[in-house]
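Colleague: One line per chain: the protein sequences are A and B, in this order. 36 is the number that the numbering used here gives to position 36 of the first sequence; each next residue is one higher, with no gaps. 1078 is the number that the numbering used here gives to position 78 of the second sequence; each next residue is one higher, with no gaps.
FYI, nobody ran anything at the bench for these hints, they're computed from the structure. Heads up, a few of these hints could be off.
Calculated lysine-lysine pairs in the DSSO-like style (CA-CA distance at most 30 Å, straight line) [what the hints assert, rightly or not]:
no.: 1; chain 1: A; residue 1: 7; chain 2: B; residue 2: 1082
no.: 2; chain 1: B; residue 1: 1010; chain 2: B; residue 2: 1082
no.: 3; chain 1: B; residue 1: 1141; chain 2: A; residue 2: 7
no.: 4; chain 1: B; residue 1: 1134; chain 2: B; residue 2: 1082
no.: 5; chain 1: B; residue 1: 1141; chain 2: B; residue 2: 1010
Label pairs and their calculated CB-CB ranges [unchecked claim]:
no.: 6; chain 1: A; residue 1: 7; chain 2: B; residue 2: 1212; range: 42 to 52 Å
no.: 7; chain 1: A; residue 1: 56; chain 2: B; residue 2: 1206; range: 37 to 47 Å
no.: 8; chain 1: A; residue 1: 5; chain 2: B; residue 2: 1034; range: 36 to 46 Å
no.: 9; chain 1: B; residue 1: 1161; chain 2: A; residue 2: 72; range: 25 to 35 Å
no.: 10; chain 1: B; residue 1: 1201; chain 2: A; residue 2: 39; range: 32 to 42 Å
no.: 11; chain 1: A; residue 1: 72; chain 2: B; residue 2: 1218; range: 42 to 52 Å
no.: 12; chain 1: A; residue 1: 42; chain 2: B; residue 2: 1160; range: 44 to 54 Å
no.: 13; chain 1: A; residue 1: 27; chain 2: B; residue 2: 1054; range: 19 to 29 Å
Computed from a predicted model, the values in this text were never measured in an experiment. For every residue, glycine included, the Cβ atom is placed at its ideal position computed from N, Cα and C.
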Amino acid sequence: MDPQAAKMIGAGIACIGMGGAGVGVGTIFGHYLAAALRNPSAAQGQFGNLIFGFAVTEALGIFSLLIALLLLFAL
Amino acid sequence: MDPIHQFEIKTLFPITHIGGAEIAFTNSALFMVIGLLVILLLMLGATGSRAMVPGRLQAVAEMSYEFVASTLRSTAGSEGMKFFPLVFSLFMFILVLNVMGIVPYTFTVTSHIIVTVALALLVFFTVIIYGFWKNGWRFLKLFVPSGIPIYILPLVTFIEVLSFLSRPVSHSVRLFANMLAGHITLKVFGGFVTMLSALGFLGWLGAILPLGLTVALTALELLVAFLQAYVFAILTCIYLNDAIHPGH
């Protein structure tokens, strides 16, 4: 196989990992919203935790995007 | 039409050569200077009058101060307030550069990994140096959580060390990748508009759809620009909290 084509396919496969991060981020925000509607007065205090969980979860998706970008532009 | 073209670094005027590397004033440096001037003028203009009832400009400065101060106080405690200048500078610098980058024909400094890596490593080494300076060897308790059964402790310690070392990577790549991906998406949809409108009258009608999407995406990018600056600041606070209060 042409190495350039293999790189492109590899970058595409690497991006599948971002789907998992999408599920995770959706779960975090969905549960936050569900809990915030049950107890709106406590919601504001958990905003920092929400963003922290979001950032940590998103990092894993970012790593797979990083692999895709490395394959496309750096290697 | 190339969506990557916007990230090209151009030399505005060369300064000198050190070894094989060219040292020059680039468009990246120009926009960093502009961002710095914007923050400086905002803060100087806001604190110039010091009215009891704040005007618009003073309200912006007070709100941003309160926002960062409450974030830092709630994550790192009142001891963390000595790092307020660092966190506030990082937040304002990234926020202004992100928002400025959305304006067409400007350059997004934070979409270059070299900038974000420099900022993330600054935080990383601040945490390590301050952690060892304040706590001595007790800083290493950060990697050994208490209340863990002894037989899985080596594994947990290994994972803790690994996650600590991967912090600067995720910290910097998050900001860089969000900015890069968002701006490429904007340019790709902008490219659809020009491609469709080149087809004639029917193309003009069809181009309304991607044009509307571009407007909506710009609004989303504004949200992302703020959110990423906030995420960078709050992660800085959380990492600094580890240096101030190690041990779980």
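Colleague: What hints, given by number in increasing order, does this structure fail?
Modeller: Hints 1, 2, 3, 5, 6, 10, 11, 12, 13 contradicted; others consistent.
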